[in-house]
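Residue numbers (the working numbering), protein chains in the order written: chain A, 111 to 452; chain B, 111 to 452.
These aren't lab readings, by the way, just hints derived from the structure by calculation.
Among the hints, a few may not be true.
As the list claims (entries may be wrong) - Covered by chain A, according to a simulated footprint, are these stretches of chain B (three or more residues, beta-carbon under 8 angstroms):
1) 248 to 258
2) 323 to 329
3) 332 to 340
4) 421 to 433
Glycine included, C-beta positions come from ideal geometry on N, C-alpha and C.
There are 2 protein chains.
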Amino acid sequence: MKIALDAMGGDYAPAVTIEGAIETLHDFDDIEIILVGDESVIERELDSKRYSPQRISIKHASQVVMMDDSPSLAIRKKKDSSIRRGIELVKAGDADGFVSAGHSGVVMATALMILGTSEVVDRPAIATIMPTLNEPFVLIDAGANILCKPHNLLQFAIMGSIYCRTILGRVNPKVVLISTGEEDTKGNELTKETFKLLREADINFVGNVDGKDIFTGDFDVIVCDGFTGNVILKTSEGLADALVKMLKREIAGGTAGRIGCLLMKPALKAFKKKTDYDEYGGAPLLGINGTCIISHGRSTAKAIKNAIRVASDFAQKQVYNIISSVIAKDLSLHERMHVVKK
Amino acid sequence: MKIALDAMGGDYAPAVTIEGAIETLHDFDDIEIILVGDESVIERELDSKRYSPQRISIKHASQVVMMDDSPSLAIRKKKDSSIRRGIELVKAGDADGFVSAGHSGVVMATALMILGTSEVVDRPAIATIMPTLNEPFVLIDAGANILCKPHNLLQFAIMGSIYCRTILGRVNPKVVLISTGEEDTKGNELTKETFKLLREADINFVGNVDGKDIFTGDFDVIVCDGFTGNVILKTSEGLADALVKMLKREIAGGTAGRIGCLLMKPALKAFKKKTDYDEYGGAPLLGINGTCIISHGRSTAKAIKNAIRVASDFAQKQVYNIISSVIAKDLSLHERMHVVKK
Numbered sequence: 111m112k113i114a115l116d117a118m119g120g121d122y123a124p125a126v127t128i129e130g131a132i133e134t135l136h137d138f139d140d141i142e143i144i145l146v147g148d149e150s151v152i153e154r155e156l157d158s159k160r161y162s163p164q165r166i167s168i169k170h171a172s173q174v175v176m177m178d179d180s181p182s183l184a185i186r187k188k189k190d191s192s193i194r195r196g197i198e199l200v201k202a203g204d205a206d207g208f209v210s211a212g213h214s215g216v217v218m219a220t221a222l223m224i225l226g227t228s229e230v231v232d233r234p235a236i237a238t239i240m241p242t243l244n245e246p247f248v249l250i251d252a253g254a255n256i257l258c259k260p261h262n263l264l265q266f267a268i269m270g271s272i273y274c275r276t277i278l279g280r281v282n283p284k285v286v287l288i289s290t291g292e293e294d295t296k297g298n299e300l301t302k303e304t305f306k307l308l309r310e311a312d313i314n315f316v317g318n319v320d321g322k323d324i325f326t327g328d329f330d331v332i333v334c335d336g337f338t339g340n341v342i343l344k345t346s347e348g349l350a351d352a353l354v355k356m357l358k359r360e361i362a363g364g365t366a367g368r369i370g371c372l373l374m375k376p377a378l379k380a381f382k383k384k385t386d387y388d389e390y391g392g393a394p395l396l397g398i399n400g401t402c403i404i405s406h407g408r409s410t411a412k413a414i415k416n417a418i419r420v421a422s423d424f425a426q427k428q429v430y431n432i433i434s435s436v437i438a439k440d441l442s443l444h445e446r447m448h449v450v451k452k
Numbered sequence: 111m112k113i114a115l116d117a118m119g120g121d122y123a124p125a126v127t128i129e130g131a132i133e134t135l136h137d138f139d140d141i142e143i144i145l146v147g148d149e150s151v152i153e154r155e156l157d158s159k160r161y162s163p164q165r166i167s168i169k170h171a172s173q174v175v176m177m178d179d180s181p182s183l184a185i186r187k188k189k190d191s192s193i194r195r196g197i198e199l200v201k202a203g204d205a206d207g208f209v210s211a212g213h214s215g216v217v218m219a220t221a222l223m224i225l226g227t228s229e230v231v232d233r234p235a236i237a238t239i240m241p242t243l244n245e246p247f248v249l250i251d252a253g254a255n256i257l258c259k260p261h262n263l264l265q266f267a268i269m270g271s272i273y274c275r276t277i278l279g280r281v282n283p284k285v286v287l288i289s290t291g292e293e294d295t296k297g298n299e300l301t302k303e304t305f306k307l308l309r310e311a312d313i314n315f316v317g318n319v320d321g322k323d324i325f326t327g328d329f330d331v332i333v334c335d336g337f338t339g340n341v342i343l344k345t346s347e348g349l350a351d352a353l354v355k356m357l358k359r360e361i362a363g364g365t366a367g368r369i370g371c372l373l374m375k376p377a378l379k380a381f382k383k384k385t386d387y388d389e390y391g392g393a394p395l396l397g398i399n400g401t402c403i404i405s406h407g408r409s410t411a412k413a414i415k416n417a418i419r420v421a422s423d424f425a426q427k428q429v430y431n432i433i434s435s436v437i438a439k440d441l442s443l444h445e446r447m448h449v450v451k452k
């Protein structure tokens with residue numbers, strides 16, 4: 111598999127993204143990488159590294175999208191950005207997938223424009239993986255669509271189930287809908303209408319949950335609109351950070367002192383690994399015609415490596431084709447959605 | 111102060127609620143308690159306890175609202191419930207405030223019906239306290255209003271600021287609005303419109319935040335609609351539970367083993383205390399004519415005691431009167447709201 115990597119995207123780019131690319135080459139034999147970005151910058155960065163030159167190439171792009179660029183402006187004014195050039199490689203068939211830790215809004219809008227959505231999918235969504243007490247779950251939509259209709263959430267549920275089966279290897283993944291309680295009468299208009307659609311859909315829908323139950327590991331796919339998904343993702347990130355800091359402070363200041371600290375290190379490390387974003391790499395954009403993985407802006411080299419691994423797996427299994435055919439096959443569903451839309 | 115306590119409300123009622131009442135009498139000299147509920151059940155429970163009988167009394171109520179009762183049905187069919195009788199005591203002036211760990215939806219609807227909202231407040235809201243790395247913050251609305259308009263969120267911000275000043279003693283509390291990013295262009299229609307109103311309001315509004323930043327302790331009042339508030343509250347609860355369980359598992363299974371466990375105990379205990387709901391007691395219903403504190407269904411005796419303490423403080427400082435007068439005084443604001451409402 112040949113993966114295009116946005117060398118310029120992310121808080122620690124290009125050094126860390128290129129480091130991630132090189133680690134990928136070490137760990138995986140069947141992946142080639144195209145580094146997309148400013149050629150001279152990338153070459154300078156590569157100069158100091160040891161790697162197999164036959165499995166790495168450069169695609170020059172003269173512009174860089176900054177984190178505070180507006181998506182519409184970036185798309186109009188930065189036609190030679192690393193994001194756009196990378197996605198164009200996928201469109202042209204010169205790369206099997208694209209990975210970026212850059213501006214997620216611009217990646218999404220560009221992917222939508224260049225690759226387009228599957229004909230039967232109305233709105234692509236971001237599916238992100240979150241850790242639990244046991245196996246991680248897929249949160250969809252994690253922030254692509256602030257405003258959603260019930261049939262969008264139905265498609266998110268179907269796409270999330272397919273992702274969960276094909277990439278995470280879960281059999282018959284359990285799907286739940288985020289609401290303010292378990293009863294179907296709980297929640298807002300969107301969740302109440304979505305509940306009815308999910309109950310009829312050809313997925314393993316097990317009902318509503320509130321936020322309290324999502325980290326038990328009992329569910330595989332958690333469905334919500336992008337505003338709620340963003341709130342869940344960011345709140346969890348903020349709380350986990352705060353709890354680890356609080357705990358470290360308590361340990362350092364407590365009677366156990368330095369001995370406790372030392373003894374605790376392996377546990378804290380294992381704990382950090384389990385809750386670490388880096389392990390899961392990136393979040394695929396589901397519903398577009400191609401493979402596009404969005405990584406966290408704060409991605410480390412390991413996170414980039416894992417995102418490239420996910421992209422390769424995703425492209426190899428042609429997950430975007432499975433999504434199209436599953437949604438298209440369910441014709442009655444498709445018809446129903448179009449009735450809802452009109 | 112004389113506080114009416116719903117003796118029958120909560121997962122561990124009546125034993126634990128009555129235990130909480132008795133602990134309150136031990137810890138606070140200036141509080142009297144009226145236990146509301148089935149007289150014979152309460153008397154049997156009190157029989158085995160030591161307490162000052164002159165500071166505790168019973169108000170009989172023959173019915174109990176169950177957690178799966180629908181609010182509308184409970185209000186129509188259970189007119190002699192401990193929730194209703196307790197709130198009636200506040201209305202009649204026989205109690206200065208009411209505390210319940212029972213069905214929060216029924217408490218809210220009954221308080222709204224019996225006590226009513228302040229004339230100038232459109233929708234009452236639940237203000238709950240959440241821990242951070244430093245000082246806790248007030249989350250408003252934590253779940254009372256699933257569907258909100260911008261002027262509702264404006265009033266939540268004003269009420270939250272007053273609560274934060276009068277009860278938590280913060281000077282000029284910093285107010286933020288939950289959105290999907292800091293920029294005023296981020297979020298949904300509700301947050302964008304609310305942003306404009308908050309910027310003009312006579313509060314210390316410092317802008318939008320996403321969930322990542324709420325646990326830093328940099329902000330005092332976090333404003334959102336009740337659906338989002340419920341998601342934040344429940345997700346945080348679920349994640350904190352899961353993280354503590356994960357950590358305990360790592361410690362127990364790690365090389366440090368039992369020694370690490372023992373050394374860690376004080377740190378875990380201090381940590382638990384800091385993140386413990388019990389310490390903060392209950393969440394006031396802001397915007398109604400009177401003092402009404404809603405406690406968690408899982409309230410321990412300590413949580414009940416702290417909720418009674420908050421109710422007493424709230425009643426003594428007449429927070430509900432301050433809310434009315436502040437919102438009413440800002441006449442131009444009031445007028446603007448009515449323009450928005452029409």
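Do the hints match the structure? See the list:
Only residues whose beta carbon comes within less than 8 angstroms of a beta carbon in chain A count, and the region 248 to 258 of chain B has 3; three or more means the coverage holds. Closer than 8 angstroms: that is the beta-carbon criterion, and the region 323 to 329 of chain B has 4 residues meeting it against chain A, so the requirement of 3 holds. Here the region 332 to 340 of chain B counts 4 residues with a CB under 8 angstroms from a CB of chain A, which clears the bar of 3, and the coverage holds. Figure legend: the region 421 to 433 of chain B, annotated as covered by chain A; annotation inconsistent (0 residues with Cβ-Cβ distances under 8 angstroms, at least 3 required).
Checked against the numbered hints above, the structure violates only hint 4.
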